[in-house]
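> Counting from 1, position 139 in the first sequence corresponds to residue 139 in full-length UniProt numbering; the numbering is continuous, with no gaps.
Don't read these hints as lab results, they were simulated from the structure.
Keep in mind that the hints are not guaranteed to be accurate.
To be verified - As a list, the in silico EDC-like pairs of lysine to aspartate or glutamate whose alpha-carbon atoms are at most 16 Å apart:
1. Lys112 <-> Glu50
2. Lys120 <-> Glu130
3. Lys112 <-> Glu130
4. Lys120 <-> Glu74
5. Lys71 <-> Asp84
6. Lys65 <-> Asp123
What the hints assert, rightly or not - Derived CB-CB ranges, DEER-like:
7. Gly119 <-> Glu74: 15 to 21 Å
8. Lys97 <-> Pro134: 17 to 23 Å
9. Pro136 <-> Gln78: 28 to 34 Å
10. Phe121 <-> Lys97: 18 to 24 Å
11. Lys120 <-> Ala52: 18 to 24 Å
12. Pro54 <-> Ser93: 30 to 36 Å
13. Ser77 <-> Glu130: 28 to 34 Å
14. Val92 <-> Arg66: 23 to 29 Å
15. Phe121 <-> Ala52: 21 to 27 Å
16. Gly94 <-> Val115: 28 to 34 Å
17. Asp118 <-> Arg86: 14 to 20 Å
All C-beta atoms, glycine included, are put in the ideal place defined by N, C-alpha and C.
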Amino acid sequence: MALRAAATRSMFAGLAPPGLRRFCSTASANSFMPPPIAAMGNGEGTPGREQAPPSTNLFVSGLNKRTPSEKLREAFSQFGRVVDARVVTDRVSGYSKGFGFVRYATIEEAEKGRVGMDGKFLDGWVIFAEYARPRPERTPPQNMSNSNGYNSYGRE
DNA sequence: CCTGAGCGG
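Sequences and hints are given; from them, build the entire structure.
Here it is as structure tokens:
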């Protein structure tokens, strides 16, 4: 039955997430192999590539360019209370950059949502959820003109 | 239109 082969290809041609190529670079697309969970033999010699510490801010990457923030919040609200969910869009082009940020109410929910949505499918694309890096929202750590000393760090 | 590594206003 050659018809079945054609039908199978047609099915995969509709929702073939190109994001899967990150798992297997030179592997056959016909074989399902587990992701190479890195080589844990470096110990602590991976500076720059270290993930951010646990926080309520979640960095979601691998999103579809047409995925709205509502879809993100809806998908992540299944694991916890999403305080804020935003898909990063460009100011000049106005289109999504392919990643977004999801802020949970507590770190526990953020952890559950991160593990629960990391490696899941969204709009036919494999998304990756990890902790966002501590980044100042407005006031830079430089120039302390204010005697208050309040730092608007997105932590917690 | 949005082609895909990536940390936003």
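> Confirm or reject each hint.
Okay, the hints, checked on the actual structure:
no.	hint	in the structure
1	Lys112 <-> Glu50	violated, 20 Å
2	Lys120 <-> Glu130	holds, 13 Å
3	Lys112 <-> Glu130	holds, 11 Å
4	Lys120 <-> Glu74	holds, 14 Å
5	Lys71 <-> Asp84	holds, 12 Å
6	Lys65 <-> Asp123	holds, 9 Å
7	Gly119 <-> Glu74: 15 to 21 Å	holds, 18 Å
8	Lys97 <-> Pro134: 17 to 23 Å	holds, 20 Å
9	Pro136 <-> Gln78: 28 to 34 Å	holds, 30 Å
10	Phe121 <-> Lys97: 18 to 24 Å	holds, 20 Å
11	Lys120 <-> Ala52: 18 to 24 Å	holds, 20 Å
12	Pro54 <-> Ser93: 30 to 36 Å	holds, 33 Å
13	Ser77 <-> Glu130: 28 to 34 Å	violated, 18 Å
14	Val92 <-> Arg66: 23 to 29 Å	violated, 18 Å
15	Phe121 <-> Ala52: 21 to 27 Å	holds, 24 Å
16	Gly94 <-> Val115: 28 to 34 Å	holds, 33 Å
17	Asp118 <-> Arg86: 14 to 20 Å	holds, 18 Å
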